[in-house]
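Participant: Listed here are the chains, written in short residue letters.
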Amino acid sequence: MYSNEMRLEFISKSSNEAFARISVAAFASQLDPTIEELADIKTAVSEAVTNSIIHGYDKKQGVVKISAWLKENEIIIEISDKGKGIENVEMAKEPLYTTKPNLERSGMGFTIMESFMDKMEVKSVVGLGTKVTMSKVIKPKTDKDEEEFKMLMTNT
Amino acid sequence: METEFYDKDKLLVLKITSEIDDHNVQEIRRKADYEMERYMPKRVVFDFDSVTFMDSSGIGLVIGRYKFANMIGAKLGVSNLSGSLRRIFDMSGVSKLIPTVELN
Ligand SMILES: Nc1ncnc2c1ncn2[C@@H]1O[C@H](COP(=O)(O)OP(=O)(O)O)[C@@H](O)[C@H]1O
Ligand SMILES: [Mg+2]
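Listed in order, the protein sequences are those of chains S and L.
Residue numbers in the first sequence follow the numbering used here, run continuously in steps of one, and reach 200 at the last position.
Residue numbers in the second sequence follow the numbering used here, run continuously in steps of one, and reach 213 at the last position.
In isolation and in its complexed conformation, chain L is listed as follows (with noise of 0.2 Å):
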C-alpha cells in the first residue's frame, strides 16, 4: 500500500498495490488503521487503480475501514474502481453507504 497525505486538506489517500483476498486483507486493513490513527485525516480515500484481483473480501476491508473512519471523525471514499470492482460493490451496498470520488 501506497500512503500519500494533504496536509493542507487534511486527505489521507491509500493507494492499494496488491490483490485483495482473504489472505492478503489483514495486512491491507492493519496498515490502514495504522495510517488513518498516525494522520487523523478529515478525509480518506481508498485508490483502486492498481488492483487487478478483488474478492468479496474487499467488501469487509472497506465497510470495516469506514466504520473506523467514523470513529476518528473522517470520511470515507473510494477510487478508480473497475469493472468487477464496480460490480462487487454495488451488489453488497456498499456503493450506498460510500461514495465514490474522483482523484486527479
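With the rest of the complex left out, here is chain S (with noise of 0.2 Å):
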C-alpha cells in the first residue's frame, strides 16, 4: 500500500527544526515535487515541529515524533509530542489565536499548515499530547514541462 515509509525522533531543542523539515523534504523528493511544493512541505513540517516544541514541550525536554508514507503521488506525514496537549483544537485552529503573543506568536501555525497542505488534522488530549497529520498530493509532471526545462537547461 505504501510504497515508501520514514520515522524520525529527536528532542524538542529548537536547533532540531532545520533538521526536521530538510529530513522530510529530502524524503518528499522522491515524489519529483517542484520547489514551490518542497517549501509548502518545509513550512507545515516547521509550524508543526516548533508547536510541539515550543507549546506542546514549553521548557521542559520531551521527544518529537515524525512519521512519513509515501502513497502514489502522495505524502501523508504525522508529527506528534507527548507534551501538554490542546483543550480546545477547534479555537486553536483559528486564525491569529495563540497562548504565547508575548514571544511574538502569530496565531497563523495551523491556518498555514492548512494552507500549504491539502489535508490537516489535528488529534490531542490534554496532559497525553498532540499528534497532526498532514497530506499533499504531487502533481504529476506533464512531459511539456520537461521538455521546458530541458530548453532551459541547454539555453544557459
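In silico lysine-lysine, PhoX-like type, Cα no more than 25 Å apart, as pairs:
id	chain 1	residue 1	chain 2	residue 2
1	L	K140	L	K117
2	L	K205	L	K176
3	L	K205	S	K137
4	S	K57	S	K109
5	L	K124	L	K184
6	L	K176	S	K144
7	S	K57	L	K140
8	S	K126	S	K109
9	L	K119	L	K140
10	L	K119	L	K151
11	L	K140	S	K144
12	S	K163	S	K126
13	L	K140	L	K184
14	S	K57	S	K175
15	S	K144	L	K205
If you are wondering where the hints come from, they were derived from the structure by calculation, not from laboratory data.
Could you fit the two chains together into a complex? Lean on the hints.
Facilitator: Given below as C-alpha cells:
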C-alpha cells in the first residue's frame, strides 16, 4: 500500500527544527515535487515541529516524533509529541489565535499548515499530547514541463 | 544579517541572510532592534532576497519590528519577497500593514 516510509525522533530543542524539515523534504523529493511544493512541505513541517517544542513541551525536554509515508503521488506526514495537549482544538486552529503573544507568536501556524497542505487533522488530549497528520498530493509532471526544463538547461 | 545605512536618506537596510524559523528569529530580532536604535533611521527596509526559508515566526518578527520602528518614528517596508514568503505575509495581514518597496 505504501511505497516508502520513514520515522524520525529527536528531543525538543529548537536547533532540531531545521534538521526535521530538511529530512522530510529529502524524503518527499522522491515524488519529484516542484520547488514550491517542497517549500510548502518544509513550512508545514516547521510549524508543527515548532508547536510541539514551544507549546507542547514548553521549557521541558521531551521527544518529537515524525513519521511519513509515500502513497502513489501523495505524502502523508504525522508529527506528534507527548506534551501538554490542546484544550480546544477548534479554537487553536483559528487564525491569529495564540496562547503565547508575548513571544511574538502570530497564531498563524495551523492556518499555514491547512493552506500549504491538502489535508490537516489535529488530535490532542490534555496531559497526553498532540498529533498532527497532514497530506499533500504532488502533481505529476507533464512531458511539456520536462521539455521546457530541458530547453532551459541547454540555453544556459 | 547585513546592515547598510544611507545617511542622506536616513535609510536603514537590514538584509536577512539566514533562514527565518523559531530558532533563528531571536538573533535576527535582537540585531534588528540594535541597528535601529543605533542609527535612528527615518526608513527601515527588510531585504528578504537571501532568505531561502521562512515560517510563521517571520510574521511576528516583522510586526514586532514595525512596532519598534513606529516607536522611534521610522517607517518600515519589506523587499524582495519570494512566492512563499509573499503568501505567508498576505495570509496573515502583514501585507496590509507593511508596504513592499523596491530596493535598487
Ligand atoms: N503541539 C501542541 N501542544 C500544545 N499546544 C499546542 C500545540 N500546537 C498548537 N498548540 C496551541 O495552539 C495555538 C495555536 O497554534 P499556532 O496556530 O501554531 O499559533 P502559534 O504557534 O503562533 O501560537 C498555540 O498558541 C497553542 O496554544
Ligand atoms: Mg505555531
